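Line by line, the protein sequences are chains R and L.
Take 33 as the starting number for the first sequence in the numbering used here and just add one per residue.
Take 1346 as the starting number for the second sequence in the numbering used here and just add one per residue.
Be a bit skeptical, because a hint or two may be false.
To be verified - To spell it out: a stretch of chain L is covered by chain R in this simulated footprint if at least three of its residues, at any positions, have a beta carbon under 8 Å from a beta carbon of chain R; those stretches are:
#1 1353–1361
#2 1399–1405
#3 1419–1431
#4 1439–1445
If you are wondering where the hints come from, they were derived from the structure by calculation, not from laboratory data.
Quick caveat: nothing in here was measured; it's all calculated off a predicted structure.
All residues carry an ideal CB built from backbone N, CA and C; glycine is no exception.
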Amino acid sequence: QKEVEQNSGPLSVPEGAIASLNCTYSDRGSQSFFWYRQYSGKSPELIMSIYSNGDKEDGRFTAQLNKASQYVSLLIRDSQPSDSATYLCAVNGYGGSQGNLIFGKGTKLSVKP
Amino acid sequence: GAGVSQTPSNKVTEKGKYVELRCDPISGHTALYWYRQSLGQGPEFLIYFQGTGAADDSGLPNDRFFAVRPEGSVSTLKIQRTERGDSAMYLCASSLNVGPYEQYFGPGTRLTVT
């Protein structure tokens, strides 16, 4: 059973701080990793993808991947109240299931003004 | 450009009825995915299509669920003899191709079975 684990939170940070969201996955053969943001009642919105070990930066967001530790994280710098949402970690399957994504349950982030 | 669209946005139906949920993917995307999301959970995979064919339907919960994509574009998820446990958000996503490609989600259809 392929699993993706996230701390459900809520994670509360003050405005302007760095928010750190973590995710572990069970399938060592996973190749592609994604972070989605989901506002309450809305559908997931893709914010980052990462495929290689190391860091990938896009604006205030940095994704970090460590395949040896089966760990992926998302850092949000200068957090804003508008960043308050649930963040979903998703991992692409491999082999015969290369298409579908396996999602964690999400971490709820609250950014306090 | 236009994103993934889904209709209806909300559907309320009685237990035992048949429903169809429609998804129109991003133009040029060959892969289309259906997921189901319950409150407090991440999306769960149902089925995906590469072109017209269902490449993997291992996530469909039982034979009451069926999906088609006859022309390789629009897809319809069909649920027969709905049960209250089918109530959830049904999400459709598309990607350029199958594999390590980014998937973009539509707004979803909220299905409520009374």
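Quick rundown of the hints versus the structure:
1. Only residues whose beta carbon comes within less than 8 Å of a beta carbon in chain R count, and the stretch 1353–1361 of chain L has 0; fewer than three means the coverage is violated.
2. Requiring three or more residues with a Cβ within less than 8 Å of a Cβ of chain R, the coverage given for the stretch 1399–1405 of chain L holds, as 4 such residues are present.
3. With a cut-off of 8 Å between beta carbons, the stretch 1419–1431 of chain L has 0 residues touching chain R; three or more are needed, and the interface restraint is violated.
4. As drawn, the stretch 1439–1445 of chain L meets chain R at 3 residues by the rule of a beta-carbon pair under 8 Å; at three or more, the given contact holds.
The structure shown violates the earlier hints numbered 1, 3.
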